[in-house]
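Asker: Here's the letter readout for the chains.
Number of protein chains: 2
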Amino acid sequence: MAISFELLARDGMARRGRLTTPHGVVDTPAFMPVGTLGTVKGLLPDQVRDAGASMVLANTYHLHLRPGDDRVARLGGLHRFMAWEGSILTDSGGYQVFSLAERRSISDRGVVFRSHVDGRMIDLTPEKAIQIQENLGSDIAMVLDECPPAGCTPAELERAVARTVAWAARCRSAGTRADQAQFAIVQGGLDIEIRRQCALDLTALDFPGYALGGFSVGEKPEAMAAALPACADALPSNKPRYLMGVGRPEDLLAAIGSGIDMFDCVLPTRNGRNAQAFTRHGELRLRNACFRDDAKPLDGECDCVACTRFSRAYIHHMFASHEMLGPILLSAHNIRFYQRLVGGARVAIQNGTYGAWSRDWLVGDPQVP
Amino acid sequence: MAISFELLARDGMARRGRLTTPHGVVDTPAFMPVGTLGTVKGLLPDQVRDAGASMVLANTYHLHLRPGDDRVARLGGLHRFMAWEGSILTDSGGYQVFSLAERRSISDRGVVFRSHVDGRMIDLTPEKAIQIQENLGSDIAMVLDECPPAGCTPAELERAVARTVAWAARCRSAGTRADQAQFAIVQGGLDIEIRRQCALDLTALDFPGYALGGFSVGEKPEAMAAALPACADALPSNKPRYLMGVGRPEDLLAAIGSGIDMFDCVLPTRNGRNAQAFTRHGELRLRNACFRDDAKPLDGECDCVACTRFSRAYIHHMFASHEMLGPILLSAHNIRFYQRLVGGARVAIQNGTYGAWSRDWLVGDPQVP
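Those protein sequences? They're chains A and B, same order as listed.
Position one of the first sequence corresponds to residue 1 (this note's numbering), numbered consecutively onward.
Position one of the second sequence corresponds to residue 1 (this note's numbering), numbered consecutively onward.
Take these hints with a grain of salt, some might be off.
[Claimed, not checked] For lysine-lysine, the following BS3-like pairs were computed, each having C-alpha atoms within a straight-line distance of at most 27 Å:
| id | chain 1 | residue 1 | chain 2 | residue 2 |
| --- | --- | --- | --- | --- |
| 1 | B | LYS41 | A | LYS41 |
| 2 | A | LYS296 | B | LYS41 |
| 3 | B | LYS296 | A | LYS41 |
[Claimed, not checked] Quick list of the computed label-pair ranges, beta carbon to beta carbon:
| id | chain 1 | residue 1 | chain 2 | residue 2 | range |
| --- | --- | --- | --- | --- | --- |
| 4 | B | GLY24 | A | ASN288 | 32 to 42 Å |
| 5 | A | PRO154 | B | ASN274 | 51 to 61 Å |
| 6 | B | PRO22 | A | VAL25 | 43 to 53 Å |
| 7 | B | HIS116 | A | ARG159 | 52 to 62 Å |
| 8 | A | GLU283 | B | SER115 | 25 to 35 Å |
| 9 | A | ARG287 | B | ASP70 | 15 to 25 Å |
| 10 | B | ALA226 | A | GLU283 | 19 to 29 Å |
| 11 | A | GLU283 | B | ALA204 | 55 to 65 Å |
| 12 | A | ARG74 | B | ALA226 | 49 to 59 Å |
| 13 | A | ARG292 | B | ALA226 | 41 to 51 Å |
| 14 | B | ARG287 | A | ARG287 | 54 to 64 Å |
| 15 | A | ASP360 | B | GLY282 | 53 to 63 Å |
[Claimed, not checked] Chain A regions said to be covered by chain B (calculated; three or more residues, Cβ under 8 Å):
| id | region |
| --- | --- |
| 16 | 60 to 73 |
| 17 | 199 to 210 |
Keep in mind that the hints were calculated from the coordinates and are not lab data.
A quick note: this is a predicted structure, and the numbers were derived from the prediction, not measured.
The beta-carbon is built from N, C-alpha and C at its ideal position, and this holds for glycine as well.
So that you can see chain A by itself, here it is in the shape it has in the complex (with noise of 0.2 Å):
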């Protein structure tokens, strides 16, 4: 087996496990920094790992079309590639194919699309997807799955986790690599009982983790959140359950608290880069002239970087004269912001006190900033 995971605490649905990888071990509620093309944008492989993340999640549609994963296979493979020492997880590029590339035809056999990088015409199978993240070397691939847009007809949605499940069967046929874990993803948008039946199909194939797939397209948060606790319980309890792509602080909160282990999201390096930092008690945006003379640190519950070395107004002079350093500063508080929200998960999980925590943490003190 490439990964083990472990259970070591419940509180309510909440879970607090222990997933191990090849590259090591990931505490879980676990956030993973998205390195979409290799890099955690504007951060240095030990400024994520001090950071505090053990996991990293790197973009198969964007890495097979730059630098190609035939390419990062002869330099040694991703970890090495981009000196990253810990754990990477690859999505299967799916989800870029129907959101990113033109011209693509689906079919039974996958997914045929145009590269948005030099206009060839590319082929993705559910062979192919397990066939590149192998040469990628990450420690999980996820299978390649259909995610169906929000507001898709009911027999849209059939047709396309009828298709889901047919070609996880297929990668974890074509899967070779002994220290490579598979994860099966669940779609089914809003409808509990497509995601359940999706679910079981799956859980009979006897995948080492399970993902949802198709939330965060588009439905409002409170539907999600409503669907998720179904939705995880739904999925084999002894596996780890992975939510795609999501999201917001409030959005990790809900779903840890449906027994959901793993995120990831580009939401704490996208804003970092737009100057938005996260704080427990509101989101500050860093170019607002209220900053020009603002002596205080970004977050003074913060031990990053950022919040220890530097003021708010420091941090708005970088914005205001376009310095690099103003994007590496935010991105480098956000991801630790991320690091401390499910850190703090994990200890109220193991303390039996999630509920109570995670209201807390909810309610902030907007005075605070």
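Starting from the structure of chain A, add chain B where the hints point.
Answerer: Relative to chain A, chain B alone:
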């Protein structure tokens, strides 16, 4: 005295010294990375320090316009603002007024110019230049000078030099901070006699240090190299000598051989952002496709994070993908390269082998990259 300077060794005209400021020791010959707006672009202060730099340069003109030196003073001074615990030298703003400002008019009183940031008219006198730098709280402040363009008439040159001497005297009188040392600036273009007289006039004012300005302003590098020994020799031997805004590695080696102690230049960071890496054996352009599959380190002789953790192929991929980590890694490498260059020069001077060492260095081995 805000600073002290000790000569530890001589080798021909080359000097090995130790400058002590209120913020620590600076071994000379020294190279100061440029932190125009209060940040060495793309790097955290610890990364600059880890590269071996103990002093940085910040730009009075830029910081006066944004965020404002009065604001920096209220926020605790420039060291605290930019979280740099080492020494800081600030230029006087004169050079930028002549190269960047719009609608400037110059008189014996000073310069009036239009801000390139917000269009307001700004009055810069010698007294004001010192007041701004005292607000910033740098360890070394530069006097306001008039930098005549290469190729100006002898009359223009003489008038600029006379004004530079008169302004230096006014700066000296205007200084009030005991923890800030002023350096005078010798002008005179390529005219050795005018430079010598300017140096004599300024030496009579007994400054703690002296700079050569008006080089690297369009003249041929060989013309500068030819003029440097006599120009450096005209400066007091017991005071630090600073060659402003220079330059390429070969320029530094020639200048060190002429008795210069201090340097600053934007080349390492600017070239780094443009995908150019300095090595002893030539400059590498990391955007070139030839690096796509190159598993070698950037520079096998370097101990920086870019060279010890990543391949050329990865750094090429960062630039091809417009990732911030490309500029970050090459800025870190180039800053480290310049620090290794002056570090090597210090050792060679100490050993009495500077001539051979610098000739050997310049030959390099073009086969290595």
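Asker: Give a verdict on every hint.
Answerer: Right, here's what the structure says about each hint:
no., hint, in the structure
1, B/LYS41 x A/LYS41, "holds, 16 Å"
2, A/LYS296 x B/LYS41, "holds, 23 Å"
3, B/LYS296 x A/LYS41, "holds, 23 Å"
4, B/GLY24 x A/ASN288: 32 to 42 Å, "holds, 36 Å"
5, A/PRO154 x B/ASN274: 51 to 61 Å, "holds, 54 Å"
6, B/PRO22 x A/VAL25: 43 to 53 Å, "holds, 46 Å"
7, B/HIS116 x A/ARG159: 52 to 62 Å, "holds, 60 Å"
8, A/GLU283 x B/SER115: 25 to 35 Å, "holds, 32 Å"
9, A/ARG287 x B/ASP70: 15 to 25 Å, "holds, 21 Å"
10, B/ALA226 x A/GLU283: 19 to 29 Å, "violated, 59 Å"
11, A/GLU283 x B/ALA204: 55 to 65 Å, "holds, 59 Å"
12, A/ARG74 x B/ALA226: 49 to 59 Å, "holds, 50 Å"
13, A/ARG292 x B/ALA226: 41 to 51 Å, "holds, 49 Å"
14, B/ARG287 x A/ARG287: 54 to 64 Å, "violated, 31 Å"
15, A/ASP360 x B/GLY282: 53 to 63 Å, "holds, 60 Å"
16, 60 to 73, "holds (count 3)"
17, 199 to 210, "violated (count 0)"
Consistency note: the structure conflicts with the earlier hints numbered 10, 14 and 17.
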